[in-house]
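Visitor: Below, each chain spelled out in residue letters.
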Amino acid sequence: MMQSDIYTVNVGPIHPSTHGGLHAEAVMDGEIIQDVIVHLGYVHRSVEKIAESKTYQQFVPYTARLDYLATNLPVLGYCQTVEKLLGIQVPERAEYIRVIMAELSRIASHQIAIAATGIDLGATTGLMYGMRDRERIMNIFEMTGGQRLLSSYIRIGGVAADIPKEFIPVVRSFAHDIPLMIDEYNGLMTGNEIWAARMQGVGILSLEDAVKYGVTGPNLRASGIAYDIRKAEPYGIYDRFDFDIPVGSRGDSLDRWKVRIEELRQSGRIIEQALDNLPEGEITARVPKVLKPEPGIEVYHRIESAKGELGYYIVSDGGKKPYRLHVRAPSFINLMVLPLVCRGGVFQDIITNIATLDPILGESDR
Amino acid sequence: MEHLFTNLAAAFTGWMITLGLSPVWADIILLLVKWIIIITIITLNIIVLIWLERKVSAFFQERLGPNRLGPFGIFQTIADAIKLLTKEDIVPSAADKLIFKTAPMFFIVVAVMLYTVIPLGQGMEVINLNIGLLFFISIGSLSTIALLMAGWGSDNKWSLMGAVRSVAQMISYEIPLAFSLLGVVMISGSLNLQDIVAAQDNLWFIILQPIAFITYFIAATAELNRGPFDMPEAEQELTGGAYTEYTGMRWALFFLAEYTNLVAVSALMATVFLGGWQGPWLPSWLWIIIKTYGVILVFFWVKWTFPRIRMDQLMSFSWKVLVPVSLGNILLTGAGIYFCKWMGWC
Amino acid sequence: MQEFDLEQMVQNIEEQLGDKIRTERDQFFTVLNIDSSELLKLMRELRDDYGFNYLANLSSVDYGEEFEVVYHLYSIPDNNKVCVKTRVSRNSAEVDSLIDIWPTADWQEREVYDLMGINFKGHPNLIRVLLPDDFAGHPLRKDFVMGGR
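Chains as they are written, first to last, in my numbering: chain W, 1 to 366; chain L, 1 to 346; chain E, 1 to 149.
It is worth saying that the hints were derived from the structure and are not from the lab.
This structure is a prediction, so every number in the text was calculated from the model and none was measured.
Misleading hints may appear alongside valid ones.
To be verified - Among chain L residues calculated to face chain W with C-beta under 7 Å, some are:
#1 157
#2 306
#3 307
To be verified - Here are the simulated SDA-like pairs of lysine to any residue, each with C-alpha atoms no more than 20 Å apart in a straight line:
#4 E:142 with E:90
#5 W:321 with E:145
#6 L:97 with L:251
#7 W:231 with E:79
#8 E:20 with E:45
#9 E:142 with W:47
#10 L:157 with W:10
#11 W:84 with E:90
#12 W:49 with E:139
#13 E:142 with W:44
#14 E:81 with E:28
#15 E:142 with W:317
#16 W:212 with E:75
#17 L:157 with W:26
#18 W:84 with E:25
#19 L:87 with L:97
#20 L:157 with W:31
#21 W:49 with E:132
#22 W:212 with E:76
#23 L:157 with W:9
#24 L:97 with L:337
For each residue, glycine too, the CB sits at the ideal point set by N, CA and C.
Please model the entire structure based on the sequences and the hints provided.
Guide: Structure, rendered in structure tokens:
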């Protein structure tokens, strides 16, 4: 009988496939994973402490750096939280522009997830497909906010500037092309035998476990429940849009992958509807220069970010800076199930699971 | 044109004999000269090949690829080679120094040895060995040891895992590789590669042995450690596998050897299945180059399309699919030959 | 199962726990202020009897003399929400861990421990999660002195 030993392999913090400074310590028995110990904090900046020394407006750019791949979503969440705190009513036009920008960010984030999953599984061409299409979104962001990656275009009370004339046709043609992009991703990757073999039955997350561990976003929906905050507790004007929630059934990597791809299509539908109904008018509410919410007031506001439930908990003491700000980061909590889904798999499954759980370390480490 | 190189060789031997050398010595010197020429051609060819792979992959991925140095970026590889040559050569302090340092040399030597038996044209080969095919397969398996040396010598878990994987993979795929060539040997009745080429005078073996061609192609991809079977490297998982700790020229030697292997295996494939140097109008040595490059392009295409397979799936694919299929092919070939003889066709 | 009624639930809980609980309502949340000794019991009841199967957010606030630990609970898929708060004194900052009720409390409690320095009784692996293991102090406390600059 052969004797085997337990040994550890450090996936990260410097490793090609950890999507940032993630350190997963794999405890292995041969090729079989016994356990995964996740070490976080390699990109910790303590934004919650920084928030306490910045005014409400000054903190906006910091939120853009949480989920830097879907930059408008954390900014939107923060601005809406502050607006809730102060009771600011955002003008209609700004709401529609916000929805367009938020959904574009969601698409960008999912396309990065698709690209990264491609490269992580060795389908190098998949990386380029995702990146190529995301580039168009970056150009749209540049058109509006002047910045490509971290635009901070959404501001408290509205948006920073009105959209330029050429914005609408460009976004419309992008939304029109989304089904074609999906066909390409499916043709290159989803339909591939090896791809299916690498993902099917890998990293199964049961619905029960997903809810218990607080997993949200596409990862939860892949486990088989249509829970999307845009529908469950609509924020902004999301109750006006008609879209479906893609749901998986087994909760394995392939389902998570398919849910993300299908969400591209749904986001495209939302964008088209928003473009159709975009009203004229103001782009920002009248917001005082210095924001001072009432003392003692506090709010927890959550939005459906690309990774899951992104929540902000802000406590005000009546000053111009938040007394306490907490970010409920979906990536942080989604990563908690990494050991759970990896156990019993083989070494290469760690990479697949990290890719399909799609964490973003800027957000999880804050 | 056809006899350009053979005439040159004959003239060279004749010149040496006129200088007073005995024919035996002249032969030995000719052999060395052939070797040196082949090594030079391989190295130059690989510079082109790396550029070609980058351009081809760029085409698949809708990128531009190298386009700065020279027309179409053709000098990019040369610049890269100079860069690699001038880089610091890092040897990890915990490494098994001797094994670590000799592994890349061993790898490239083995790769170059493969060219000894490949017929590069009519009457053009370094040695006309009557067990050429067997020699090729045996020498090809030796590269496993080089990878194991690299993985073991590096004293790094990633390297060792990559090395262990590549050994497991290569040994498993060695078997269907040899089996699929066996069908060809049965038909041609010879292990001599020139004889195998001659046997394809009327009909290429890809038509007589389509299953063998496919199994050989898959097994060869695994033998070459190319995508989708690039398990030993697996940049995204093993951070470079057996090559993780190598830098500069030592790493470049591995890289070079991989491409050398690629060309050799493609040339063998052209020889065994695609009629070798035979072809109309053009000289024989040009035909083998065209066919080899054709096969190489298919290798590129596969690599840049497929995702990487998982290790356990890789192993079960070899033992559960490729080995039975290639064995079945041998059975079929045997039955076919018997039938053919019985009918009096051959 | 009958229709969920938040008011009814609050009434039931208030009857049961008496002066250990104090209910507040603002425009966003119904807040249950619970004495830290009864936290575990209340939470178990909220999950088992009222279907709050999802602990969305676990956070903490430094109020000088006391720390407040804040829990935002939701139910999936009905989407009822409630906020639970409990206060502990700065000198003996210790709360019961909820890891047995919602495993998602694991890292969130570690984060609060890491940044705010509140102990969670019964947590099997209470170590720092974001900061290095040898870090001194808890940065989100108001009396934390920031170095550098």
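Visitor: Now, for every hint given, state plainly whether the structure supports it.
Guide: Each hint, compared with the structure:
1. The interface hint given for residue 157 of chain L holds, since its Cβ lies 6 Å from the closest Cβ of chain W, which is under the 7 Å cut-off.
2. Nearest Cβ of chain W to the Cβ of residue 306 of chain L: about 6 Å, under the 7 Å cut. The hint holds.
3. Annotation: residue 307 of chain L was flagged as interfacial toward chain W, and the flag holds, the nearest CB pair being 4 Å apart, inside 7 Å.
4. A distance of roughly 12 Å separates the Cα atoms of residue 142 of chain E and residue 90 of chain E; the hinted pair therefore holds under the 20 Å criterion.
5. Distance check on the hinted pair: residue 321 of chain W and residue 145 of chain E sit about 18 Å apart at the alpha-carbon level, within 20 Å; holds.
6. Distance restraint check for residue 97 of chain L and residue 251 of chain L: the Cα-Cα separation of roughly 15 Å lies within the 20 Å cut-off, and the hinted pair is therefore satisfied.
7. Taken as a hint, the residue 231 of chain W and residue 79 of chain E pair is honoured in the structure, with Cα atoms around 10 Å apart against an allowance of 20 Å.
8. Of the pairs offered as hints, the one joining residue 20 of chain E and residue 45 of chain E holds, with about 15 Å between alpha carbons and a cut-off of 20 Å not exceeded.
9. This hinted pair checks out: residue 142 of chain E and residue 47 of chain W have alpha carbons roughly 15 Å apart, not beyond 20 Å.
10. Distance restraint check for residue 157 of chain L and residue 10 of chain W: the Cα-Cα separation of roughly 9 Å lies within the 20 Å cut-off, and the hinted pair is therefore satisfied.
11. Distance hint between residue 84 of chain W and residue 90 of chain E is unfulfilled; the C-alpha atoms sit about 30 Å from each other, more than 20 Å.
12. Proximity of residue 49 of chain W to residue 139 of chain E is assessed by CA-CA distance (about 7 Å); at most 20 Å being required, the pair is judged to hold.
13. With a CA separation close to 19 Å, the supplied pair residue 142 of chain E and residue 44 of chain W stays within the 20 Å bound.
14. With a CA separation close to 10 Å, the supplied pair residue 81 of chain E and residue 28 of chain E stays within the 20 Å bound.
15. Annotation: proposed proximity of residue 142 of chain E to residue 317 of chain W holds, straight-line Cα distance about 13 Å (limit 20 Å).
16. The suggested pairing of residue 212 of chain W with residue 75 of chain E holds, with an alpha-carbon distance near 11 Å, which does not exceed 20 Å.
17. Proposed proximity of residue 157 of chain L and residue 26 of chain W is supported: the alpha carbons are some 12 Å apart, at most 20 Å.
18. Proximity of residue 84 of chain W to residue 25 of chain E is assessed by CA-CA distance (about 16 Å); at most 20 Å being required, the pair is judged to hold.
19. A distance of roughly 19 Å separates the Cα atoms of residue 87 of chain L and residue 97 of chain L; the hinted pair therefore holds under the 20 Å criterion.
20. With a C-alpha separation of about 12 Å, the suggested pair residue 157 of chain L and residue 31 of chain W falls inside the 20 Å cut-off, and the hint holds.
21. With a C-alpha separation of about 17 Å, the suggested pairing of residue 49 of chain W with residue 132 of chain E holds against the 20 Å cut-off.
22. Restraint check: the Cα-Cα separation between residue 212 of chain W and residue 76 of chain E comes to about 11 Å, which is no more than 20 Å; the hinted pair holds.
23. Restraint check for residue 157 of chain L and residue 9 of chain W: satisfied, since their Cα atoms lie roughly 7 Å apart, inside the 20 Å limit.
24. Annotation: proposed proximity of residue 97 of chain L to residue 337 of chain L is violated, straight-line Cα distance about 53 Å (limit 20 Å).
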